[in-house]
Amino acid sequence: MSNTSREAILARIRQGLQQPAPLPVRPDFEQPVHPPLSSDDKVVAFAESFQRVGGEFYYCESLPHLAAQLASFQQRQQLGPPIVWEPALQELLRRAGLKYVADETGFIEQADLGMTSCEALVARTGSVLVSAASASGRRLSVYPDQHLVLARPSQVVAEIGEALQVVQQRYGSKPPSMVSLTTGPSRTADIEKTLVLGAHGPRRIALFLLEEDE
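With the first letter of the sequence shown counted as 1, position 81 gets the number 81 in UniProt numbering; the numbers rise by one all the way through.
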């Protein structure tokens, strides 16, 4: 590089340094961080987000409807009864006339399908917040190949912060030993950027939303 070119470059640098950099625009802290949800109805917004991240959503208006939806799911996946450890879920399935596996005998060998409840559903991200506080513990939402969730419309909140507040209000000074946000089926693309489902948890997640009066 000639001295003339070098001096021209240095002159432009010196000139640029003499002009102060513009300050960034001051953010409006009164405005919400996130854009509005896709729907004014949080349940609709959750269903859209949940399906967008790879979940399967089933609306159930009654216990017979739940029975039909779950039986159809099992038939399509060619699976037997789900493993269910929570007494409240067991009672609902009994009332719906559905079979389930209640004990842990042969759990590791037979854990193809597990069903749990949840703490909350997040409309923004389509996430399911589960915890170790229920009888399902830490294992039933993680170990089976396919994870079923039975929830109610009243459990849908808009944001993750609200879901964490639900847990805080429910358990107070004795929080669960584990809380987890499940967003779609377990997946990874760490190896050669090839998407693999079920790498760290269930390969499929399906949510059955049962109306409140059932």
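These are calculated hints, taken from the structure and not from any lab test.
Be aware that a few hints might be false.
Straight-line C-alpha distance at most 25 angstroms; calculated DMTMM-like pairs for lysine to aspartate or glutamate [said to hold, decoys possible]:
1. K99 with E109
2. K174 with E159
3. K42 with D145
4. K99 with E159
Take the C-alpha atoms of K42 and D145, compute the straight-line distance between them, and say whether it is at most 25 angstroms. violated, 29 angstroms
Next pair to validate is K99 with E109; report whether the Cα-Cα distance is within 25 angstroms. Holds, because 19 angstroms separates the two Cα atoms, which is no more than 25 angstroms.
Holds or violated: K99 with E159, Cα cutoff 25 angstroms? violated, 35 angstroms
Hint check: K174 vs E159, CA-CA at most 25 angstroms. Holds or violated? Holds. K174 to E159 sits at ~23 angstroms (cutoff 25 angstroms).
The earlier numbered hints that this structure contradicts are 3 and 4.
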